[in-house]
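There are 2 protein chains.
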Amino acid sequence: MRLGIIGSTGHINYVMNGLRELPHVHLVGVSAGSLGESIDNLIRIVHQEGHSPTLYSNFIELLDQAKPDIVAVACYFHDHAKIAAEALRRGIHVFVEKPVATSLEDLDMLKEAYQSSGQAQLAAMFGIRYDPAFYTAWHAVKNGAVGRIRLLHAQKSYRLGKRGEHFTSRQTYGGTIPWVGSHAIDWVHWYSGERFETVYASHSTQDNGGHGELETTAMCLFTMSNEVSATVSIDYLRPTAAPTHGDDRIRITGAEGILEIRDQQVLLINGNESGVQMLPLLPKIEIFADFVRQITEGSVCLVSPEDAFYVTEACLRAVIAADEKRVIRFE
Amino acid sequence: MRLGIIGSTGHINYVMNGLRELPHVHLVGVSAGSLGESIDNLIRIVHQEGHSPTLYSNFIELLDQAKPDIVAVACYFHDHAKIAAEALRRGIHVFVEKPVATSLEDLDMLKEAYQSSGQAQLAAMFGIRYDPAFYTAWHAVKNGAVGRIRLLHAQKSYRLGKRGEHFTSRQTYGGTIPWVGSHAIDWVHWYSGERFETVYASHSTQDNGGHGELETTAMCLFTMSNEVSATVSIDYLRPTAAPTHGDDRIRITGAEGILEIRDQQVLLINGNESGVQMLPLLPKIEIFADFVRQITEGSVCLVSPEDAFYVTEACLRAVIAADEKRVIRFE
Numbered sequence: 001m002r003l004g005i006i007g008s009t010g011h012i013n014y015v016m017n018g019l020r021e022l023p024h025v026h027l028v029g030v031s032a033g034s035l036g037e038s039i040d041n042l043i044r045i046v047h048q049e050g051h052s053p054t055l056y057s058n059f060i061e062l063l064d065q066a067k068p069d070i071v072a073v074a075c076y077f078h079d080h081a082k083i084a085a086e087a088l089r090r091g092i093h094v095f096v097e098k099p100v101a102t103s104l105e106d107l108d109m110l111k112e113a114y115q116s117s118g119q120a121q122l123a124a125m126f127g128i129r130y131d132p133a134f135y136t137a138w139h140a141v142k143n144g145a146v147g148r149i150r151l152l153h154a155q156k157s158y159r160l161g162k163r164g165e166h167f168t169s170r171q172t173y174g175g176t177i178p179w180v181g182s183h184a185i186d187w188v189h190w191y192s193g194e195r196f197e198t199v200y201a202s203h204s205t206q207d208n209g210g211h212g213e214l215e216t217t218a219m220c221l222f223t224m225s226n227e228v229s230a231t232v233s234i235d236y237l238r239p240t241a242a243p244t245h246g247d248d249r250i251r252i253t254g255a256e257g258i259l260e261i262r263d264q265q266v267l268l269i270n271g272n273e274s275g276v277q278m279l280p281l282l283p284k285i286e287i288f289a290d291f292v293r294q295i296t297e298g299s300v301c302l303v304s305p306e307d308a309f310y311v312t313e314a315c316l317r318a319v320i321a322a323d324e325k326r327v328i329r330f331e
Numbered sequence: 001m002r003l004g005i006i007g008s009t010g011h012i013n014y015v016m017n018g019l020r021e022l023p024h025v026h027l028v029g030v031s032a033g034s035l036g037e038s039i040d041n042l043i044r045i046v047h048q049e050g051h052s053p054t055l056y057s058n059f060i061e062l063l064d065q066a067k068p069d070i071v072a073v074a075c076y077f078h079d080h081a082k083i084a085a086e087a088l089r090r091g092i093h094v095f096v097e098k099p100v101a102t103s104l105e106d107l108d109m110l111k112e113a114y115q116s117s118g119q120a121q122l123a124a125m126f127g128i129r130y131d132p133a134f135y136t137a138w139h140a141v142k143n144g145a146v147g148r149i150r151l152l153h154a155q156k157s158y159r160l161g162k163r164g165e166h167f168t169s170r171q172t173y174g175g176t177i178p179w180v181g182s183h184a185i186d187w188v189h190w191y192s193g194e195r196f197e198t199v200y201a202s203h204s205t206q207d208n209g210g211h212g213e214l215e216t217t218a219m220c221l222f223t224m225s226n227e228v229s230a231t232v233s234i235d236y237l238r239p240t241a242a243p244t245h246g247d248d249r250i251r252i253t254g255a256e257g258i259l260e261i262r263d264q265q266v267l268l269i270n271g272n273e274s275g276v277q278m279l280p281l282l283p284k285i286e287i288f289a290d291f292v293r294q295i296t297e298g299s300v301c302l303v304s305p306e307d308a309f310y311v312t313e314a315c316l317r318a319v320i321a322a323d324e325k326r327v328i329r330f331e
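Which chain is which? The protein sequence lines are A and B, in order.
Number 175 in full-length UniProt numbering belongs to position 175 of the first sequence; there are no gaps in the numbering.
Number 312 in full-length UniProt numbering belongs to position 312 of the second sequence; there are no gaps in the numbering.
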């Protein structure tokens, strides 16, 4: 299989890690995805990993001349939808950074391209689903560890550091709720299996260290089907002194138990044992390898295109709720 | 000083604990507060503690015949405001269970009674402020441990057990957001010092174990002044197997640090030390004793009447937001 990589901005490491266990996938071409995007770092990494792809001057040339079977897309965030749609229209499978779009119009355009593409497949880089703690928790929840889910609270907390120019403009960045929050919004949907009904949200650019329009903090409250509710807390205020870059958490409250992920551990309280149980972690799976196996072996990738589209829609509606300070209802 | 106790339903233990360090306060009378309320338990406890109050057949008789200087009010929740107001109108100081009212009309009536009462003082039973972890955290935050506060997430999680009849009707209970959530809503206001601007909320009676209209779960999102936001998660789904009855938490995210209370510990990350610091806890103070000292010594009780009224208002607006599925704006 022939692989192209477009862009060097998002989680290209997912592709690199997956390629190590995919000897039949050959990296044939790389290009920038966005105007002004440097891919020097990408070129350095692919050479380190022993690949020798052709460098194309833009993504259209890559798509048309390298003729990949699959492309990975991870450029400035407002270009994800456009590039993914161009690939799908050529029947090329797409592994694309989240959020898959930064506007509802672009999202509709991408969904249309996907639905018209016939056999081409798509997954978004919701890689934290594959983190051993999150994956272990998912199996536990699906096996009834907490009974019917009633509440979820998810947290994303990152160090801010110094971010590139495209983070500082809503137009290229899309917002902190879609960029950072999309993981947490994905989790509350993925674990509960419920549909979003309404969202209220807030965000603020205060204390963003000179990062222009980048929102440093955000919060969302989703009401969901079956009277399930979820809150999401998002911030870039994790101190440099913290032991890790990120502090990903979720607390899942069910009618028969409560499960938490914290510090890469899965903690469960239910009727089966007294006190707090710490679940043994399942081994790590590579997201890109999982997606390629769906294409080559017909297995089912953990991230469906419907999930990618739906969670992106939820993020974008939350941005509107925060911008306009009103409840947004899902159709 | 002469003390009366009206009702046996809420946190009368705060009064009993305080009395042990207040030899000049004499419990002269007790009565039920609400129709159908048993005070057998109260009578048993006060005798155990060595008090011999007169038993009055209703709270009006207690107020008029026992002539207390202070009353503690903790009956069915919809009667708090009415009884507190009757006491204030007689110039009697009031230590009242939260929420101080279960409707905005009753709250206005109580505020009016307080403002007209002249010297009579009031505090609400926001006793968790005095819990060593919460009190230690408050001092740390006030001393700048996290810099400017940007986000807060507070959690109340209780075992449900089997609750009395007055919990099963909105009319007598007032709702889970005011009863359980008022603590968490108090914290986000108390720590941040910000004013509430809008609230969206949800609640559900599902899986309430036959407790009628009692909401088992609730969530709120408050936007506050200075673009601060707060979420609150409330549930009665803490499993019997859990190590404790309740799981009170708060996470306070500031521009210069993050502080958390969890498992009665105060955890802080900021620029002062590397990694996570566990703060040494301040000694416990008794809330009722603090209130009595405000009356007798002119010190300042940690819970002001303005806080009690304002937090109750926030709770009641959150109930309306959840009932009507819309954003409520504060005036």
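Check the hints yourself; a few may be wrong.
Derived lysine-lysine pairs resembling DSBU-like cross-links, with alpha carbons at most 30 Å apart [said to hold, decoys possible]:
| id | chain 1 | residue 1 | chain 2 | residue 2 |
| --- | --- | --- | --- | --- |
| 1 | B | 67 | A | 142 |
| 2 | A | 82 | A | 162 |
| 3 | A | 67 | A | 82 |
| 4 | B | 325 | A | 325 |
| 5 | A | 325 | A | 162 |
| 6 | B | 142 | B | 82 |
| 7 | B | 82 | B | 67 |
| 8 | A | 284 | A | 142 |
| 9 | A | 162 | B | 142 |
Hints listed in this document are in silico derivations from the structure and should not be mistaken for laboratory results.
In rising order, the numbers of the hints this structure does not comply with: Result: hints 1, 6 break, sorted rising.
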